[in-house]
Amino acid sequence: MTEARLQITDQQGRRVVPLDKPVFIIGRRTAADLQLVNADVSREHAEIERVGRQYLLRDRGSRYGTFVNGEQVTEHPLEHGDRIRLGRTDGIELVFMTEASTHASGLREAASDAGDLRQMAAILNGLRALGTGRVLDEVLTLVLDSALDVTKAERGFIMLAKADGELEFKIARGLGRVTLPGTSFTTSSKIPREVYQTGQSRIVGDLMDGNLAGMHDGTIAIGIRHVLCVPLSVTPIGSGETTSRNVIGVLYLDGRERSTMLSQATRSSLEAFATQAALAIDSARLYAESAEKARIERDLRIAAEIQRALLPEPTYENPYATLAASSIPCRTVGGDFFDYIEVPDRGLGFALGDVAGKGPPAALLAAAVQSNFAAQAPVTADPADTMTRVNRALLRRAIEARFATMFYGVIGSDGRLSYSNAGQEPPLVVRRNGGTDWLETGGPVLGLLSMASYEFDAVSLEPGDLVVVCSDGVTEARNLAGEEFGRDRLVAAMTDAHGSRPEAALDALLGAVRKFSEGAAQGDDITAMVLRYGNT
Amino acid sequence: MQIQEKANGDVVVLTVNGDITLNAGGDVLLKDKVQSLLQQGQTKILIDLGGVSYVDSAGLGQLVQIHATTKNQGGALRLANVTKRLKDLLVVTKLVTVFDTYNSEQEALAAFK
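If you read the protein sequences in the order shown, they are chains A and P. Under my numbering, the first residue of the first sequence carries the number 331, and numbering increases by one thereafter. Under my numbering, the first residue of the second sequence carries the number 70, and numbering increases by one thereafter.
Derived from the structure by calculation, the hints contain no laboratory data. Every value quoted in this text rests on a predicted model; they were computed, and no experiment measured them. Among the hints, a few may not be true.
[As the list claims (entries may be wrong)] So the derived label-pair ranges between C-beta atoms look like this: (1) 594/A / 97/P: 42 to 50 Å; (2) 152/P / 785/A: 44 to 52 Å; (3) 640/A / 75/P: 44 to 52 Å.
[Stated by the list, open to error] Away from chain A, derived, C-beta distances all over 12 Å, residues of chain P: (4) 71; (5) 72; (6) 74; (7) 76; (8) 77; (9) 80; (10) 108; (11) 131; (12) 142; (13) 167; (14) 169; (15) 176.
Using N, Cα and C, we set each Cβ at its ideal position, and we do this for glycine too.
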């Protein structure tokens with residue numbers, strides 16, 4: 331803990347007195363440790379006693395009472411920033427301080443001693459150039475404390491405009507470098523709004539004057555009478571020679587005393603200062619926004635990695651079947667998935683699914699569908715039964731109007747393929763001599779209908795036959811003319827593929843889609859899987 | 070997306086124009102509309118989709134949801150003028166049996182009688 335001290339502001343100016351005695355007496359008489367000459371101050375008005383690490387303020391039976399932050403007290407443990415008032419003496423202000431000055435406030439002191447905001451502006455400019463202005467709150471604090479130091483105003487606020495143009499309190503500070511608690515404060519609402527809209531400073535010498543009082547009831551009630559409000563504005567990038575400036579908010583200072591804040595000199599130097607301050611605030615804000623954006627992008631990249639990790643290896647082979655699969659999300663993460671699983675005594679199960687929607691919500695649901703599938707597939711030998719179970723599991727966790735489509739097939743060592751198709755784009759069977767089949771039997775999409783029933787069908791595959799399963803991102807891929815890839819082009823791309831390795835057939839299919847779409851941006855995830863029966 | 074509402078006897082006819090998609094916000098708009106009709110005690114609802122060029126998966130999900138909600142509340146929902154594209158989508162997703170679809174408003178209205 332740094333040495334406790336009192337900052338006194340009265341007609342003699344401002345000074346700081348250390349509380350260097352166990353009991354520190356404040357009063358009008360000469361023998362007091364701090365002598366204050368004022369009719370409201372009693373001869374021995376109050377004392378501050380050091381008790382351990384604490385400082386206790388005690389009223390010594392004064393005539394007009396002792397106040398801390400506006401509340402009358404008889405005994406009160408002091409905290410950094412507490413304002414002490416003796417009687418009705420608005421002309422004398424005592425601020426209790428214990429906390430150390432930071433390096434930055436050291437700079438501030440140098441500046442305010444010189445009494446020159448221009449110097450502060452130069453420091454701020456330097457901070458900005460050094461990139462120290464990265465943390466918005468620090469910049470705001472520095473700006474406000476400097477303004478308070480120089481103007482001797484009691485309270486200071488920085489209000490920044492939100493997207494809708496409403497002003498929002500960003501920070502509130504009081505003399506003595508304390509943050510005023512709370513998120514909303516009694517200030518004039520009219521003055522900041524005017525300054526924000528016109529970009530012109532306002533000095534209001536006395537809210538009690540003229541017709542103003544009626545409009546500022548709330549402010550006057552807490553004794554605030556003098557207001558200085560300057561715009562925080564920056565020149566928009568690329569605006570060249572134009573004089574248009576972008577007002578990002580206002581700096582608002584007020585107090586009960588006239589102090590120096592009302593002088594024309596203070597006003598013009600504060601305006602110059604506000605220009606530098608606005609730049610520093612703006613760059614800190616931009617930095618914060620880009621940092622937030624970078625964080626979201628990083629999260630998405632991690633999500634994409636996790637999603638890739640959830641998918642199995644893109645190729646698989648057992649003694650009678652080989653498969654290859656690929657999934658290309660149109661955004662960082664996608665709503666498509668594929669999976670395969672050895673079903674004991676039945677064969678190799680393989681599935682491909684597509685969740686309605688795109689991006690992170692679809693990716694989460696895709697993960698849920700995939701894990702449900704992986705849990706249900708080994709339980710039953712019948713693909714239709716698997717679908718029914720997955721559908722029920724999804725309905726139990728119903729997410730309104732979100733659904734998934736899925737194809738699930740099981741290929742046995744004898745070439746028998748049993749399958750069920752839940753609303754998925756029908757897979758293509760490529761047979762010898764260019765024969766084709768579409769695997770359509772099944773039921774409706776998953777996760778929407780509690781009464782949905784699923785059927786299965788079975789077809790026989792010969793060695794070399796291929797099953798091509800794809801998401802609608804393949805058949806609905808568009809070229810620049812807006813045409814769709816469609817099923818005919820899918821068949822054409824697979825014409826000569828019979829018997830070839832699944833990786834090669836998959837490459838041929840994706841190559842055909844790429845060539846067709848000619849680099850047109852795709853609106854959907856593109857996922858495909860090719861399975862070949864028989865390892866020739 | 071725009072929805073026009075008119076009454077034909079005790080049937081409320083909603084004529085939809087534009088896309089029913091997540092991006093167009095149309096999916097929720099239509100659902101909210103039907104929800105408020107049901108709350109007002111309207112149970113016979115006909116949606117004319119003749120002016121709908123595109124329905125994405127989110128829009129399709131909402132159509133199913135709307136259908137289920139109407140049915141659960143003792144009402145009936147019918148679709149008229151379903152475009153070929155939407156019909157194909159209903160066939161692939163095997164949702165075609167879920168909906169009562171008609172080629173024209175007149176046919177759909179007659180089915181309510």
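Confirm or reject the statement that residue 176/P sits farther than 12 Å, beta carbon to beta carbon, from all of chain A.
24 Å, holds
Is the claim that residue 74/P lies outside the interface with chain A correct, judged by CB distances over 12 Å?
22 Å, holds
So the hint says 42 to 50 Å: do the beta-carbon atoms of residue 594/A and residue 97/P match that?
57 Å, violated
For residue 108/P, which was marked as not at the interface, is the minimum beta-carbon distance to chain A over 12 Å?
The assertion about residue 108/P holds, with a minimum of 17 Å to chain A.
Against chain A, does residue 167/P hold up as non-interface, every C-beta pair farther apart than 12 Å?
Per Cβ check, residue 167/P is inside 12 Å of chain A; nearest 7 Å; violated.
Distal placement of residue 142/P relative to chain A, Cβ over 12 Å
For residue 142/P, whose nearest Cβ neighbour in chain A is about 16 Å away, the distance exceeds 12 Å, so it holds.
Report holds if the minimum CB distance from residue 131/P to chain A is greater than 12 Å, and violated otherwise.
Violated, because the least Cβ-Cβ distance between residue 131/P and chain A comes to about 5 Å, which does not exceed 12 Å.
Find the nearest Cβ of chain A to the Cβ of residue 169/P and say whether that gap is larger than 12 Å.
Correct as stated: the minimum Cβ-Cβ distance to chain A is 15 Å, above 12 Å.
Minimum Cβ distance from residue 80/P to chain A greater than 12 Å, as the annotation requires
Since the minimum Cβ distance to chain A is about 24 Å, residue 80/P lies beyond 12 Å and the statement holds.
Regarding residue 640/A and residue 75/P, is the given constraint of 44 to 52 Å on their beta-carbon distance met?
49 Å, holds
Mind verifying the non-interface call on residue 76/P? Its CB should be farther than 12 Å from each CB in chain A.
27 Å, holds
Just double-check residue 77/P for me: nearest Cβ-Cβ distance to chain A has to come out over 12 Å.
About 28 Å separates residue 77/P from the closest Cβ of chain A, which puts it past 12 Å; holds.
Of the numbered hints listed earlier, those contradicted by the structure are 1, 2, 11, 13.
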